[in-house]
Every structure is written in C-alpha cells, then in structure tokens.
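Student: FYI, the numbering for the sequence shown is 82 to 243, going by the working numbering.
No lab work stands behind these hints: they were computed from the structure.
C-beta atoms are modelled at their ideal positions from N, C-alpha and C, and glycine is treated no differently.
Any given hint could be a false lead.
[What the hints assert, rightly or not] Each pair of labels, with its calculated beta carbon distance range:
| hint | residue 1 | residue 2 | range |
| --- | --- | --- | --- |
| 1 | Asp184 | Ala221 | 25 to 31 Å |
| 2 | Gly238 | Gln175 | 14 to 20 Å |
| 3 | Asn223 | Val177 | 22 to 28 Å |
| 4 | Tyr229 | Gln179 | 17 to 23 Å |
| 5 | Ile88 | Gln179 | 53 to 59 Å |
| 6 | Met206 | Gln227 | 29 to 35 Å |
| 7 | Arg243 | Leu83 | 48 to 54 Å |
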Amino acid sequence: MLYAITILIAAGVGFIYKFRERFTFKYGRLSRPYNEASTVDLTQMGTDQFIELSFGKVHYIYRASSTKTSISSSSSSKLNIFVHGFSIPMQIWQDVFQSLVDDNQSCLIFDLYGRGWSDAPFVPMSVDLFVSQLAELLYALNLPYQEYNLFGVSMGGIIIQR
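Please put together the full structure from these sequences, using the hints given.
Tutor: Take a look at the structure:
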C-alpha cells in the first residue's frame, strides 16, 4: 500500500513538473482577460486603462475634472488618489470615487500589483513595492498636478504614509 501511494505521489510531481508551463501565466501568477487592442469598462467607474510599469501592467482609471480636457492640460488643482487594501481591489472606493468625480474633482484609482486586474509579478510583495508602484505610476502618467489628496484603506493607509 505504501509503495502504491509513493508511486502516485511521484507520478503527480512528475506530471506537474512536465506540464508546469501550462500552469503559469504570461504576466505572473494572475492574469486578466482583456483585449490589448482596446480599453473596456471592467468596472462601473469609467474607462479602464492599463499602463506598463517596471513589474507589469497596472490597471487604473483617471478621471479629470471638467476644467481639464486632457492629461497634458495644466492646472493647480489637486488630484485625489485612492489606494486600496491588501485583499480587496480598487472597487472598494467606487462610491467615494464617483462622488468626487460628480463633484468635478480629478481622481486616480488603480489596482496594486497582484490585485484586481493588475499583473502579479514574481517578486516579493511588500509595502515598499507598492509605494514605488504608486510613484512610478504618477511619473509614467505625467499628470499635471503639483498637489495630491491621498486616500488609503487598510494596507493602502500604510502605503500613502510613506
């Protein structure tokens, strides 16, 4: 009996090893079903967008106030940035995000690496990684703001304090 169990375990390990490529995704442990040719509304907060950063694609939504016609326009208004917690995607902020957008305020919301529709890179997930993700996202988007209002819940609160 012990011999049969040992053979079954060895066969299972061999199967997983042989077909391990089928158990991985192109962009990490989690991947998303989106069409790279277009942006689609994955959430109810607006047009979902993706941007390539150092550790993979990041899902975000940027909604400018009506006084801003594009990302490149300049203004001295503040940008509201929302950072979600460890186990929940950015949809946790849906009601607050929509209220501020309805109040004609500019807002940016995004999924942290490994959460929601953002890629899950094969790197240690840490607060420092997420802080650098936020900084790199702001740099890559080149948004015309000098000041920010940062909102965080749970681990997002720790991220915005750094």
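Student: If any of the earlier hints don't hold here, list their numbers in rising order.
Tutor: Checked against the structure, no hint fails, so every one of them is satisfied.
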